[in-house]
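Visitor: Construct all of the structure, not just a fragment, from the sequences and the given hints.
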Amino acid sequence: MPRFSSGRLPVLGIGLALLLQATTVEAVAETRTMWLGLVDRDGQRPSQERTAADRTAGGGPGERAPAGQGAGMRMPSGDRGADMRMPSGDRAARGGSGGEGGGARSHGERMQKALIYEGVFPQANARPAGAGPLDARFWLERPDHRLVPLTVRQEGPRRRVEFPTGTGGDYRLIGYDGDRVAGGSRLHLYAYYGFMMHGEVPGKVQRDTAYRPGFLGGTPRLEIVRFFDNDGDRYRSRVGHTARVQVLFEGKPLANAPISLTTSQDWQRRLQTDADGKAEFTLIKEEFRDGPIDKNRTALFLLQTEHVEDSPGNYFGNPYERERFVATLAFQVFPDSNEWESKRVAYLIFVFTTLVGGAAIVTQRLRRRTRA
Amino acid sequence: MNVQRLRLLVQAISFVLLIYGGAVAIDFGSKLPTFSCAFVEDVGGGCFLIALQHQLARPLPALLGTMGVTLLVLIGTAALLAVVLNKAWCGWICPVGFLQDLITKLRNLIGIDLSRLPWSSVKRYRSVKYVLLALLILLPLAIGNLGLSRDWTAPFCQMCPARPLLPLLKGDTSEFHVDFSSIPTLVLTTLAIVLAGLFVPVSFVKRRFFCSYCPMLAFLSLFDKVGLLSLRKDGQRCTRCGSCYRACPMEIREIEEEKVKTNLVTQDCILCLRCVESCPENKALTATFLGIEVFRASEAGFLERQSKKTEQ
Amino acid sequence: MDLRKMMTIGAGRARGKGEASAAAQTGGGPQADGAASPPKPSKSERLANKVRINLDMTVREIFDGIEEDRTRPDGMAYFDRIFKAFIHGGKDVVRLEAGRKMVGTYCVFVPEELIYASGARPVRLCAGSYESVEIGEDHLPDVACPMVKSEMGFSTLPILDFYQRCDLVALPTSCDWKTKIGEILAEHHDVHMLGLPRIKELEASRDFWLEEVLRFKQSLERLTGKRIDRKRLQDAIRRVQRAQREVHRFHEIRKHTPAVIHGRDALEILNAYFYDEVEPWTAALASLNEELEQRIANGVHVAKPTAARLMLTGSPVVFPNWKIPTILEELGAVLVADEFCTSGRYLSDMVSLDEGTLPDMLEAIADRYMLPCSCPTFSNTTERRDRVLQLVEDYRVEGVIYHVFKGCHPFDIEMKTIETALQKKGVPMLKVETDYAPQDIEQLRTRIEAFIETLKGRAGVSA
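Residue numbers (this note's numbering), protein chains in the order written: chain A, 1 to 372; chain B, 1 to 312; chain C, 1 to 463.
To be clear, the hints were calculated from the coordinates, so they are not data collected in a lab.
Worth double-checking, as some hints may not be accurate.
Said to hold, decoys possible - Below, computed lysine-lysine pairings styled on DSBU-like, alpha-carbon distance capped at 30 Å:
(1) C:K91 x B:K259
(2) C:K226 x B:K309
(3) C:K50 x C:K406
(4) C:K406 x C:K425
(5) C:K425 x B:K283
(6) C:K425 x B:K259
(7) C:K226 x B:K308
(8) C:K416 x B:K283
(9) B:K170 x A:K285
(10) C:K255 x B:K309
(11) B:K105 x B:K283
(12) A:K343 x B:K170
(13) B:K309 x C:K231
(14) C:K304 x C:K456
(15) B:K259 x C:K416
(16) B:K261 x C:K424
(17) B:K309 x C:K101
(18) C:K101 x B:K283
(19) B:K206 x C:K304
(20) C:K425 x C:K456
Everything numeric in this text was worked out from a predicted model, so none of it was measured.
Guide: Rendered as structure tokens:
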């Protein structure tokens, strides 16, 4: 598996894909991107070995090590012992990552960190963002809809944000940059990355990531929201699944908006939203095509949409004709479980043992009867 | 009061709350000492063993640090719950136990006789549950400290038949699989399916067949002498008629044989209280909570229950 | 007057069953020469006659004594009838429909439920008659216990009608005597030996005993030609359980102080269960229970509140061996409980159904007859010790009389254990070793009187 997770960045866990600067939508492939990758508490970038997770006192998705890790155990939806789930389907939250978040939940807040990467998606996955201007601001939207502003810190050549997670439920990392005016356009960049924490959710279970007012004192003007057919998919997007999304502009469905899905292999599919602002993408397999299947290997897919409003204005002395909104939603995709799991074999074994067990019992009974 | 009917009712309510309760935002946390499998979507309250296995998979320094507190809280909560209700977690709440009891009910309806294991086998296999409990503690520790493959993550959950079976009750077959990704997962998940395959036919003839080997029972049995809910025996009143032994789904012979000890919550006891019901001697067996008698064997009760059985 | 007639009946029955000829072939049977010429009484018939006359006298004497007792409940009439029928050869003791099979049983170990389920009638043959002991002595060594001798007498000679009418005799190998009389009885009856294990704590013993119960079931099915299925067995269990329910009610009544019924009458009531069908007996006990409960309500008693409350344990006391209970109650004490396999605990332990399938029923039956049984034939004394202690507690017993037959070794051996346990509880115990012979009555009376005096003394001290 190439660039994305070939070992240079084993911590694929939670990443915030922030589209920093776009050229035009027509040139999506050239888009420069920025990332947030969760790291362990010591700020160490976990090694590519599986022990990375073990050193990770802060645990979380960082625990999801590459090859060989994980026992194929899905972290059950009801399991409060595991930590992060991503709405986009986090296979990571299974197995190895368990327990930690549960502890975090019950004992106050635990700091999670995310490194910021930048570059052209997907080519710039390799390293965190270093020097250079970064005007984006970050928030963590907590399950109770409280917004926590995050500070960007410089750490050697890298930048990171820190955010606490305590209770379980839906979280959303949000990045926003609206400072650039170029070529008569003011650019508003929104980047979303949702994830779920295992654990007891305060109050009513919040499973709805749909548009919520109150963002940034107003609304996130352009939003991509993903819908899920069942809870299992919320933390585990698999190849073959359909990603159903809706684009909202100022809280209302945005029809005929261009929306694209870019995979970490640079494959791209572009669609337009329907009258209800909705679009559907089938998650493809290309990332997992060669070699033996590693069920824990994931790829980051990026959804991107944009919208232009003709609303002239002036931004700190920079006049503009239009406002241009770009929003991204990143999520992790896992291989299809059929690649390493067999239900058919399970059914065969089940039926076989049932029959053998039943037959053994019947035989033993018959023998007993003849004796008596 | 018909205790077995009450028990069935409590079991059914617990079953619905635990398995389906999550849908209406019922949440008893994830530290329950009972086999309410956390792999069931929206489980109303989860088995603490999965969290235990995950949390133990840490390096020792972490376990001795803040993680230790987390771990202690987890174990402490489960232990506290264990002390309060004792094995009633098994006999009155556990969904897997309930399923087995339902299968037994079905067998009773058809009128097929039960099977018992020879005494020696019961005795020999008693230790299996402790071995499983030890493994589900030691293997995660080995993952965290000795570099054991993460494929051994939550080893017991991987081999537990409740994982494929319980989600089926919600139409979820996703756990009904064999995992070919590595040898350990292949072995463990195959074991789970084999156990699930044996579950139906074996528990059809052998009451509570799975419980005898359940590591949760092993865990609960660590607290059975200090449990607030208790089963007491007055040896002098006992005639050793064997009625309790025949009623016991766990085939515990001590309940009949013991003449000296007064606390009869033995390691395999699930506090279903069938023994108390089947006992014809006044006050020979009593169930107590905090020392207060809640149910006791009585001749009158015995006669009444027997007449129901013979008049049918 | 009717001696001749009875003789004929007896001899006729014996011949009719083909046992006389069998005995003739072996050449050793006591009635071997009697069978050839019915009109002229043989030696054994003369002996049988003599015994019958003596038995009649004993029974009459008992009832003459009893009828003077004005405190007896009216409900005793039914039970009296059964025992009065012992007079004149006991034709009316066991009343049986024509064609119905009768199974004679020994000891408490023979599962009656199975017999009822097969459609046959159980009749327990444990005997308490001094008169027939003499005949039994011909077959058994001197040291044999009087009960076995008495039974042998009735079984081998046509004295009591119903002993001769048994279609099958079920005999458990409870003690050495019972184990060995099977061969002798086989000359007169079809005998089904039930192997009883001695160590009942073993799994193998339970399996073995269950197998024995199943074998007995097959034997009964062959006898009556009826299959013992679930329905029939359940029915039988219900019938016996109903009787037991009344027994438990009766036991509760006996716990009352002051006593509302004499111990001797209690022995008679439970003893009568040997001979009648379970339903009439149950009905009779039920009405008696009502009467006694009324007595409790009305404050009618048969003994003074201060009367010493005594309990009997040990070798069973069976009609007409009313020696000990009569002495006790003549001395003003009251017999409140007993631990005899023929009365006090005869119907105490019950079949306990669990799932109610046929195998469950059979297992429950096997368990009922062996596991809770406190017969000293088992290696373990714990059950008996605890049962005695519990009875002492429940019935507020002040003194225990340990009754041992001469030759009844199991009870004799256990005596020490029981005595020690009672001593620990501070309950005095008197050991009485006797047999069915009336010669030692006065001596026994003196000893028991002294014992009761010490009890009173103790009561006085403590008061």
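Visitor: Does each hint hold? Answer for all of them.
Guide: How the hints compare with the structure:
no., hint, in the structure
1, C:K91 x B:K259, "47 Å, violated"
2, C:K226 x B:K309, "23 Å, holds"
3, C:K50 x C:K406, "25 Å, holds"
4, C:K406 x C:K425, "27 Å, holds"
5, C:K425 x B:K283, "20 Å, holds"
6, C:K425 x B:K259, "17 Å, holds"
7, C:K226 x B:K308, "26 Å, holds"
8, C:K416 x B:K283, "28 Å, holds"
9, B:K170 x A:K285, "29 Å, holds"
10, C:K255 x B:K309, "29 Å, holds"
11, B:K105 x B:K283, "28 Å, holds"
12, A:K343 x B:K170, "17 Å, holds"
13, B:K309 x C:K231, "12 Å, holds"
14, C:K304 x C:K456, "13 Å, holds"
15, B:K259 x C:K416, "20 Å, holds"
16, B:K261 x C:K424, "19 Å, holds"
17, B:K309 x C:K101, "28 Å, holds"
18, C:K101 x B:K283, "41 Å, violated"
19, B:K206 x C:K304, "57 Å, violated"
20, C:K425 x C:K456, "17 Å, holds"
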